[in-house]
Each structure stands twice: as structure tokens, then as C-alpha cells.
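2 protein chains.
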Amino acid sequence: MKRIFEIDPWKLTSHTFSKEDKRLQESMTSLGNEYMGLRGNFEEGYSGDSLKGTYYAGVWFPDKTKVGWWKNGYPDYFGKTINAPSFIDLPILINGHRLDLATDQVSDFELSLDMHQGLLTRSFIYEGQDCRVKFEFERFLSVVIKEAALIKVKATVLSGEADLQVTSRLNGNVFNEDSNYEEGFWDALGEDESSRSIQLKTKPNNFGTPQFTVLLKESVREDGQVISGKVATKSGLVDETFEKHLATGESWELEKDVIVVNSRDVADSDQAEKADELMAKLQEKSYADNLADHEAVWAKRWEKCDVTIEGDAAAQQGIRFNILQLFMTYYGQDPRLNIGPKGFTGEKYGGATYWDTEAFIVPMYLAVAPKEVTRSLLEYRHEQLPGAYHNARMQGLKGALFPMVTFNGIECHNEWEITFEEIHRNADIPFAIYQYTRYTGDDSYVKDEGMDVLVGTARFWADRVHFSKRKGQYMIHGVTGPNEYENNVNNNWFTNTMARWLLSYTLERWPLATEAAKKRLNVTDEELAKWQDIVDKMYLPEDKDLGIFVQHDTFLDKDIRSKDTIPADQLPLNQHWSWDKILRSPFIKQADVLQGIYFLNDRYTKEQKEKNFDFYEPMTVHESSLSPSIHSILAAELGKQDKAVELYERTARLDLDNYNNDTVDGLHITSMSGSWLSIVQGFAGMRYNEKGVSFAPFLPKKWTGYSFKINYQGRILAVAVDKDGAKLTLVSGNDLTVKVWDQEVTLKEGQTQCLKD
Amino acid sequence: MKRIFEIDPWKLTSHTFSKEDKRLQESMTSLGNEYMGLRGNFEEGYSGDSLKGTYYAGVWFPDKTKVGWWKNGYPDYFGKTINAPSFIDLPILINGHRLDLATDQVSDFELSLDMHQGLLTRSFIYEGQDCRVKFEFERFLSVVIKEAALIKVKATVLSGEADLQVTSRLNGNVFNEDSNYEEGFWDALGEDESSRSIQLKTKPNNFGTPQFTVLLKESVREDGQVISGKVATKSGLVDETFEKHLATGESWELEKDVIVVNSRDVADSDQAEKADELMAKLQEKSYADNLADHEAVWAKRWEKCDVTIEGDAAAQQGIRFNILQLFMTYYGQDPRLNIGPKGFTGEKYGGATYWDTEAFIVPMYLAVAPKEVTRSLLEYRHEQLPGAYHNARMQGLKGALFPMVTFNGIECHNEWEITFEEIHRNADIPFAIYQYTRYTGDDSYVKDEGMDVLVGTARFWADRVHFSKRKGQYMIHGVTGPNEYENNVNNNWFTNTMARWLLSYTLERWPLATEAAKKRLNVTDEELAKWQDIVDKMYLPEDKDLGIFVQHDTFLDKDIRSKDTIPADQLPLNQHWSWDKILRSPFIKQADVLQGIYFLNDRYTKEQKEKNFDFYEPMTVHESSLSPSIHSILAAELGKQDKAVELYERTARLDLDNYNNDTVDGLHITSMSGSWLSIVQGFAGMRYNEKGVSFAPFLPKKWTGYSFKINYQGRILAVAVDKDGAKLTLVSGNDLTVKVWDQEVTLKEGQTQCLKD
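So the protein sequences, as listed, match chains C and V. All residue numbers for the first sequence refer to the UniProt record's numbering, where the first residue is 1 and numbers rise by one. All residue numbers for the second sequence refer to the UniProt record's numbering, where the first residue is 1 and numbers rise by one.
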């Protein structure tokens, strides 16, 4: 655990600059606006250890697969989020000396991310031998004009005199640290001195995936007016340089406006014109007005989604940081996009899309953002169905198999035990359709495009199961469950349960499909009968004596023991134990049986939940950032309030406190919904199904109160919890009946009701 | 299947040169003398597709491990057999034109490997526009002076005139095709023009493994006299060039003598002197006399080990080819060496040593070579015990774990399901001690060094098992059995059986250990008690109804079906099915339960053998070259003669007929004992235990007879089988009582007895 930012409800602020923590600081001060994003790299450059990272959503590269021992069926390439041309660079010379915090003496350092505004600021005093100069930087990626980045720098000479030189740079000479074969991913197409722009294209590839072209354009303003500097170009680079002599007490402020367009939206040949047009639009307004527009959009988002926590400032900061980072990564503008594990904050995990999105993020987005945001996430998968059919074919199977990791629907990952076997994803991903339909009450998706997804995946499962003649039941052999600390197991309870759910839900929904969908999909009676047979005869391992569902066939033969028996110096296991030792141990990386109970919550009795929780949680080491929140929610439901809080705390400030010691690589974006889920579904006990929404709140001991809002079927409902009970306000929308504990209340718009347990 | 050499009992001869088959031809015409070896590359060079390969035994390089997704415990490097400096090169110019069979027109091509002599010859007529020249090449690696290679070339002008230029080259500019990061493995240390030598050293590495230095020296003789040519050097290369004008009918014959020394035997600074000394020794005799010495040694080896087959010339050729190639790879001269899967015939599989040696080769060497050869193989493992202790520590376990792949005892392989889980090797390797002791009657090894191996591996197993409280038995979870088409299974019958055997044999032998061994190993009473408890309570999965041992815990839940149900166009499975499909199928790569029954043959009843054979063999696809012979032996024992012959045929000419379509990569050296085992242990039914040796021969229908000799406890016994029965002759040694079918016969030296079933 390491905390490098001060506690503040709306800000991440640090007054120290530590070179050892540079990468960590960069990860936490990342910015994004869905369209693009970047790590908290310094504008003036930095010669010390740092991970330079600028990323454009949906712009990726198929890096050749690297593998020690090839297995049949492995994909040819691994799609990577690529480090894209950098636009924030502003190299600075002070009396001929290159400003560089890796080597220079500085004082009064302050770095601050304003979470309400989505604005990053930084200031420090350069303590030179010949002069002292205060520098102030500010930057944001506009959520109004998504192609725009705005950067401001102000220099004030505090003593001495300074010849200052500031270069506004666009820099396409960037590389991925994680490139498999140390190759670059970009070719420079050209530089244009007069329009201050560069254009680059991703290198050609043999895999038939698209190449991307990007064009960056910069323009500098002083006192609100565009000014011209000396322009120099090199391959993939444009420098526009400005110089000024400052006496003591004098200041100089420059604003760098940047437009980034790419071939996902604009054809190569139109990019220059489009960038000119957008630049003109951006420069119609002053920096301050553009920032005000940007802030206004953020303010509106916060109004719908803010969570307040009273009595725990660290928790308050944590939940806002998580919401901010999620929304900077994705707010549903573009259904071609999804939420990568690192968002715009690092290279690791390469691919853009994992099942994490549907399992852990959809439930939160449903509640905090308009329903169109979640629908975009559903459409993303529908668009990628051809890739999913391809994946199933690669394994010699029918139907569609959604990938573990992808940009385009085609599987990128190459570990057999994951790629071919962690197939529970093929039920978890369609499960989001069920969640969406139940939460929004909107069944238009499941009737049509959604049916393509359900039938495609149902066909996969029907082919993937086998019938065990000995047992007279259907089985699923050779899988990896959500608990990746076991591989290639047989009859993983979660996988079998979710496959069965998928078939059953598809059977239930098929008669209601649109005529067009029915015609398109042409499901035969034999198929329906087969699906029903599998639903009826699916083997689900259970131990009646223990009263638990069994994680997989031979789990109970293990040396069953609690994680308390692991010596502290051997944790986390994944850094201390060889893989085989992890696999044959009883220790669980993340919720497995409990994940299934979480998903299909209303099918299990409290006793079933309790017995399974008490059996499995003591063996769960939560070495996936996705694990603690699910356990926290179940603990809360079972009245284990201290346990719920303890588990919530592992997710609330995962990155802010560098809990897993890997935030240097980037933020755990797809885990960021965890703390929200723990509060809303855990502490406040929110549940929903076809019948409506309900709560069963409790107040964590350390807190004096908390509140949040949810968007539910066209209404905004505010919930506040304190020691006196719960207060529900229907902020907007039609009358709503809500169940709180065992009480039903009907709220009218503007009305508040207070309730006690 | 592809046959490119003509059928001949003692020769591999081809009269066609096909460019498409160049690599295949090269593999099959490989030569070796234990100390070094090389593929059948052409002396004059070849510009077409070819795998150049020269290898020096025990000279290896730790190539950095290549892996897509790192797992804790993976080794840092993968030790590789490296392509070493080439010494056969003789580039030739004919009237300024470079001789090259990739582009030149040639006639009367003949390539021939004489298996009795270990001699490779090649001749052809160059059909130039200005002249016709006949070339004759000959080469062998001496088994008398192991550092010596002798090459002869003769050119005869058939028409026209020719200015011939022949360059005797030593060439250190060689690369491995399978280098993980396309790096070279050698640095040139220097070239010496006056002594015609080059010295090279393997590149430095960060893994603490030794670097190797090699020195090559050449010298050319004409009419038996050393001659001098024009010498030119480049980095890592020496050329000595000779020129001659030949008129029609004239001939020119040159002999290239080469000495290769390396730092395994000779310190760097002494290598030049040692090479001079060896060259002088070599050149004391003519080429013809050196060849005669070499042939005499081979003749003596053949006397002890030849197998004759009457009525099947292809089978006759096959068995001799296999024996030749094995003996060219290893004849026990140097206990620091072992038998790599490709020997000196290719790069693939990198490491030098696999468990194949103990499981498949030891039983043959025991019978066909002096017992010291096998003892050298045992000592090799003893020498590497420190590495085995290291491997166990890497997995957090006690005792010693022999590696899957190694040069020095430290594991090189990096697939978790193999490296960490295919641990049956840790019983199979010590099993060779049991085999050696029983076959030779010599228990001096097992009492002392052998006890180090037994106790080290016993300690590993005692830590690797776990006690299942539910079942009250010891189990072994998370293993891969010999059937690598299942990974990470629980309670693999073979593994559990062999682990139990190891503990039980160690317990039995411990009281007989030398005092020195007892003191060194300090086995406590608690340890002995624990081992005994594991032996008593080891879980061995069995199905009483089916009367079979169960391959692993959930095997019988599979979709059990015979391999006949696989469409022909999907075979071999490993080229057509994705890995997960292979894993969950019931199909078996190689003997698993049956391997255990083969090893511990006298512990099972005929009924047990029959039921298991009939259950498992129909599911076995034999996609490992190690599989068919084991099945053939059991089939023979069970009286399934046709099946025994069918399976024998898959191993007899595996490489000669390119049966697995991968002989281009090199020969299947470690499978070459398979055909011998099928004939001797299968058709002739040889068995041995503490009580003696026995036979139960039958004659395959296609054959009219076969014969072989075995070396048994100081005697040479000849066995001949034909339609009239078996004929046993005690060629040399003390009286011997042998059981044949159910008859006991006692033979005296020189005596022959004929028997009928």
C-alpha cells in the first residue's frame, strides 16, 4: 500500500515530487474523454523513468502473437492499445537550459487533479543558478469537442532574468513498451509546416485488420490570439517554437490548442480539412470558455451519479476517483468502443474488451448513466458477432464464442487454459442483456439484435456440452472458471450454471422474438428440444452434506483449508508460488460459486447463500481486483456488515493506495465499479428484477452517512442513509414504488420519505 | 508416408535428388560418433532450402525463454543444442562456376549411407556446358579418434577440360533456425592461417551456465601427403584453396582431415596444441587405414547387437537404421552426455535429455551394449541431482525433481502443464535403476549413488502428495501423465502408481544402502514411516465393473468412444483440433495406464492386462512416436499377434518412411529403440526379473524368421525364431538357464537348443 495524494473530497493533490513514484503518479493523473486519453506525463518532458502514454480509443495494432509453445487454435495476433502520437509536449529552455524535473532543482511543487472539472494542474518553481521561474501548467481533454485537447502554460520570473523558449510539439515518434518484437507500430505519412500538423498511419499488417490514420494539428494562442512561431519538422514531428525574454516579475502565458482526428471518423484525405474546421470551432471560444463548457458537462454527469460519504474523507475521495476514471474512459458516445482493463492509463492487457465490462460495469452504468450508455455496450457485442462465430469455428464448435480479449470480436489471447477454456464469458456477456432488460424494462433489444446474441451463444453451448452416458447428465469438461487459480477443470459449477441459464433464458425469450429475428436465426424445433434437454439434465455439482455447490468435480478432494494458514510472507500467492502449487491449492483467486449466486441472486435461499459464503470466502485470496466487491455485496446481504466493509475497503482505493502494487502499469479501470457496487448493492442492498427495485441499507460503523442517486426507468431516485435510517427522494419522473427492507413505499416526483429498519 | 531410399539390408541408397526432399534426405543421412555429428548437408554447399546442422555433444547455449504469458516458476532459459561450426565444407569452382546442386544439371546421382561401416558416400556427374565432371564424395566421423572427421572428394573429367578450384573451409558463421530472439550463439575468437584453425566461443550469458570454446583444424592430403593451399581468413572462417587443371579423363582426389576439440575436454589455451597432436595422430595413417579402424569398431558393435529379419527387407533395413542412429548418438563413452530427442540430426526440442532415455532406451541398451553404457546413463542423472533439488525448490517442494528437458539438471521447459505437472518423470527416471539392477544383477549402484537418487525423489513425492481427509487416502492432484493429451488432471493412475512404486522400492532398498550413503542421506524413521503410510494409502483410481484402472479421476465421465469415430481427414488430431478439443476428448496420445502395466509387468494378471488393453488401445491415436512399441509389446503378450505387428510397423520405419511427416526436422532418435523393443520384448517376448530371463516368441506372419543377440549378465545369448520354433545359442559366458514359453533350458557356452511352443 502506498498513498501519494492528499485526502480531499474532490481533488487528488500532491505537494511532493518523487522520482520513484513517477509512474504511479502518472497513472493516477491520467485524463480521458472517451475519444482519447493520456497518462500524467509532463508537458516539458522528463528524462527519468516514466511510461509515456497517449491512446486514441479504438486505434489499435495487431501485434504478432508471442508464445513459447504453439497450440493449435491460437490466434495469429494480439490486438494492442497502442501508444499514439503525443500532443501535450511543450519542451522548455530557460537561458538555454532544458527544463527537466528529473535533474533540476524545484520548489513549491503542486500537482492536482480536479475530479469535478476533469482538469489537471501542476506548478513548481524552477530554482536555477541564474533565475527562479514559476511554472504553471493546466490541461484537459474536452468532453464538448472530443477531438480537442487544451494545454496552458504560464511562466513567471521570480528573480533574475530569463530567455524562455517554449516549443509546441506534436510527436509521432512513440513506441509501445510491451511490443512483442520491439517493433514500432506507426509510419509517418507527412508533416505540414504551414498548418502545423502531422499525419501518421499504423504499419501494414498481414492479418487483414484495418490500418488507422491519425492527424494532429496544433495552434498556439497568447492573450486569446493565435500567434505564429518558428516551425521545424522532422519525420513524424512538428515543432513550433516561441521565445521571450522575461525580467523579474514578468509573466508569459501560452495556450496550446490541439485537434486530433483519425480514420475511424474521417477519411484520410479529409482529415486536414476536418482538423482545420474543428480548430476554428475550438478557437471561436477562449480557453476559459472552453473550460467552462467542459466543466458544465461534467457537472451534469456528477449530478446524476455522485455518491457522498460522510465521516470518511478517504472513502469519499476513492469513490469519486473511480467514477471519474470510468466516465473518462467510457460514457457510451460510440458503440464501437468498450472499456479496456487499463482504459487510457497504460498498455497492459493490450486488448480493449474483456468480460469484465458486462459482469462488473454494466450493473453500475445502468444506474448512473442514461440507458443508452448500456445499450451501446450491448450493441458493441452484437456488432462483433461475426468474430464470435469465427472463434467458435477455430475450436471446431458451432455457434458463437465471444472472446476473452478483443478489439474486433476475434480472440486475441493465447493461453489455452484461458482462450479455449475460460468460456463462462460466453454466458456472462449475454447476461448483460438480461440485466439491461430487467433494469430498464426495455425489451426491444432482447427481441431483436439481442436474440442474435442469445441464439449464437446458445448454439455454442449446445455443442460444447457432452452427454455422460454413465451419469445420464450433460457435462462441461475442460474449463477455467472465474477463479483462474484452477485451470482445465470439469463441471465448474459457475460455468455449468451460467450455460444452463443462457439456454433457459434463450428458450424463454425465443417465442417473443421479432419476426425478422426468427427468420434470420431459423431455430429449429430440434434445436429447441435439445436446449431444453440440456437445461433439464445439466449436471451441477453439489454436496448435500455440506450444503454447498461444489466449485468443480474434484474440488472437495483438495487439502481444504482457510487462507489464514498461508504464511503472510507468501502473499500474494501469484508472486510467491509456482503455478502448479497455486492450482492444486484450495485457494480461490476470485468469486466462483459466489459469482453465480451474485448473478442469479433471487434463485437461492439465504441458507444456501450463507453456507456457500462461509465455505468459500475463507479460501478466497481476492487476488483479482474484481473479487472483493462481489463478496462484499453478499456479505452485506447476509448481515456480515464488518466483512462487507472490510472487503469494500480493498476495492475502494485500490489504485489510490496502490493496493495491489501494480498501479504503475495503469489504473484498474474495469474494477472501478467495484466500490460503487459495494456501496449501492452492498451497503444499500439495492436489488432489481422484473417486479421493481428494492433496498435494504445499513450504515458502515465508521461512516456517519452516505447518499447516491440512481437512474431507474426514466426516474432519478436519491437515496441517503444515516444513523436514523434511509431517506428516499424521487428527484424526477413518474410515481415509483420501492421496497425498503420489508416496507413498500410509493414516491411521487419531488417527494421524500424517511424509513427505519 | 514417404520413402526416398531404396530397400537394402545394409544400406540407404537413393539414385534421385529431389529438391523438395532435401531436408528429409539430410536428416536420414546424418552421421555421428557420440562426440559430434552432422546432418547430411552437401560438402560443396547448396543454395536451396536446407537445414544446415553440425552439433557437438554437450555444447549448448541457454537461449532466453520465450513465452507469451509468464508463469511463476518458469525457467529463465531454454538450453539448446546449437548449430556448431561446420567442418565439411568444400566449395568447388569448375571453370569459375560454383558447383551447386540447387541449380546445376547433374546426372547419375547416387547417395548412400553404409550402415555397417558408418560411411556416407555421394557421386554425380556435373553436366556443364563446357565439360562433364564426375564427383565422388565420402565422409565419416571416426569412432576411433572421436575428434576426427574425414572427408574425401574425387573429381574426374569425363569430357571437356576443367579448371577446378576446391576450398577446404572451416566455417563458424552458423545460426540456429530456432533461436528465440534471432540471435547468434557464437563469437569468433580468432583464426590462425598457419595452422589452418579457427577458435570460437559461445556468447556470454546471464544465467551462470558455462561458455564453451571450440577449436577446429583442417589439413588436406593428396595421394596421402599433406599439401598446402592458399589460405584466407575472415572472422570465424578459414579457407584453404587448391587449384588444378584437368583434361578429359584426368582425376583429382583430395582428403580433408579435420580435428575438433572443445573446452569440455581441453582448456582453451591448450586447444591448439591438442588439435595439432590429434591431427598428427590421425595423419600417421592413411585415409583408408583410418576408415578400416573405424569399420572394425562398428563391426564389433554389430556383432553384439545385430537383428536379422528374413522375409521382410524393409523391416530389416529399418531395424538396422534405428540401431545405427542410436549408437551414433550414444554409446556410453562419456557419462556427461545423454540422448537428445533429435541426437545430432536437428535442432528441434533443444534440450539434450528427456525421460525418454530411461523409459525407452535403457531397456534396449541393457541388452545390446556392455552394462557400462547404461551405468553411464544412470550416473548422468546422479551428477545432475543438484539441479533436480533446485527444480523442486522452484516449485516450493522438498527433495529432487528431475527436469523434463535439460542439459545440466536444471529445468529448461516452460509450459506449466509439462514443466510443473508432467512429474511422472520423477519416478520413471529412477525406474532405470531398478531395471539396471535387475537386468545386470549388479546392485553396487543402487546401494550407493543410486540411493541418492531414490531418496531425493522419494522426498519429492512425499511432499507432493496430499492427504484427502474425505477419502482418507493420499492423492496427487494437478499432473500430466504420459498421455499429454490430457493436462492438469487429478490422480493419474500411472503417476500415482509410479510414485507409489518409487517410495516402495526406496523403502525396500534403504536397509541395504552403504554406510556412506546412509550417513549422507540421513533418512529419519519419521520419513520412513511417512513413506510407508503413503505406500499403504495411495489412491489408485479403478473401476471394478469395467475391470480397469482409470486413467484419472473423471476420465470415465468423458464421451468415451473409439478412435474409429474420428473422420480420417481430422488425423493426426494435433494438426487438426484445437487444444481444448483434444483435451476433453477420450483420445490418448500415448500409453498411459498401459505404460504402467508395461513397467510393472509382473504385478498384473493376464486378465487385468487384457481388460485395460481392450479398453484403452482403441482410444489411443499413438501421436507420440514413443507409443506404438509399448502397445505392440503388450499386444504380443496377450496373443494379439496381428495387432502387435501392426503397431510394430508404425515404429519400425518411422523416419525411413517419414511416417509422422516431420522427419525434415531431424530423426526421432529417442524412439528408435521402439522397433527393437517390439521385436525382442514383443515378438520374442523377452522378460527379466530377479529370477532370470525368459522368452515367449512368435513369428510374424509376413516373416520367415528373425534373430538377435542379447548381452545378459556377462553372457552373449543368440536367439533365432522361425516357423519351426526358437533356437537359442549361448555364444559366450557361463551356463545360463532360460525359460522359453513354459520350458526351462540350461545352456552351456557354444551350445544351441531348439524349442517348440
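Hints are computed from structural coordinates only; laboratory data are not their basis. Don't take each hint at face value.
Since the list gives no way to pick out one identical chain from another, each pair is judged satisfied if it fits inside one copy or across any two copies.
What the hints assert, rightly or not - Result set (SDA-like, lysine to any residue): computed pairs, CA atoms no more than 20 angstroms apart in a straight line:
1) Lys-66 with Asn-176
2) Lys-398 with Pro-567
3) Lys-203 with Ala-296
4) Lys-66 with Ser-179
5) Lys-398 with Leu-573
6) Lys-274 with Glu-284
7) Lys-19 with Ile-418
8) Lys-727 with Asp-289
9) Lys-471 with Leu-556
10) Lys-71 with Ile-418
11) Lys-71 with Asn-180
12) Lys-71 with Val-621
13) Lys-11 with Glu-515
14) Lys-702 with Thr-308
15) Lys-66 with Asp-76
16) Lys-398 with Thr-565
17) Lys-544 with Ser-195
These numbers come from a predicted model, not from an experiment.
Okay, the hints, checked on the actual structure:
no.: 1; hint: Lys-66 with Asn-176; in the structure: both (15 angstroms within a copy, 19 angstroms between copies)
no.: 2; hint: Lys-398 with Pro-567; in the structure: between (46 angstroms within a copy, 17 angstroms between copies)
no.: 3; hint: Lys-203 with Ala-296; in the structure: neither (39 angstroms within a copy, 63 angstroms between copies)
no.: 4; hint: Lys-66 with Ser-179; in the structure: both (10 angstroms within a copy, 14 angstroms between copies)
no.: 5; hint: Lys-398 with Leu-573; in the structure: between (37 angstroms within a copy, 19 angstroms between copies)
no.: 6; hint: Lys-274 with Glu-284; in the structure: within (15 angstroms within a copy, 86 angstroms between copies)
no.: 7; hint: Lys-19 with Ile-418; in the structure: neither (37 angstroms within a copy, 42 angstroms between copies)
no.: 8; hint: Lys-727 with Asp-289; in the structure: neither (38 angstroms within a copy, 106 angstroms between copies)
no.: 9; hint: Lys-471 with Leu-556; in the structure: both (19 angstroms within a copy, 10 angstroms between copies)
no.: 10; hint: Lys-71 with Ile-418; in the structure: both (13 angstroms within a copy, 13 angstroms between copies)
no.: 11; hint: Lys-71 with Asn-180; in the structure: both (18 angstroms within a copy, 17 angstroms between copies)
no.: 12; hint: Lys-71 with Val-621; in the structure: between (31 angstroms within a copy, 18 angstroms between copies)
no.: 13; hint: Lys-11 with Glu-515; in the structure: neither (53 angstroms within a copy, 74 angstroms between copies)
no.: 14; hint: Lys-702 with Thr-308; in the structure: within (14 angstroms within a copy, 88 angstroms between copies)
no.: 15; hint: Lys-66 with Asp-76; in the structure: both (9 angstroms within a copy, 16 angstroms between copies)
no.: 16; hint: Lys-398 with Thr-565; in the structure: between (45 angstroms within a copy, 19 angstroms between copies)
no.: 17; hint: Lys-544 with Ser-195; in the structure: neither (74 angstroms within a copy, 83 angstroms between copies)
Violation of the numbered hints given earlier is confined to hints 3, 7, 8, 13 and 17; the remaining hints are satisfied by the structure.
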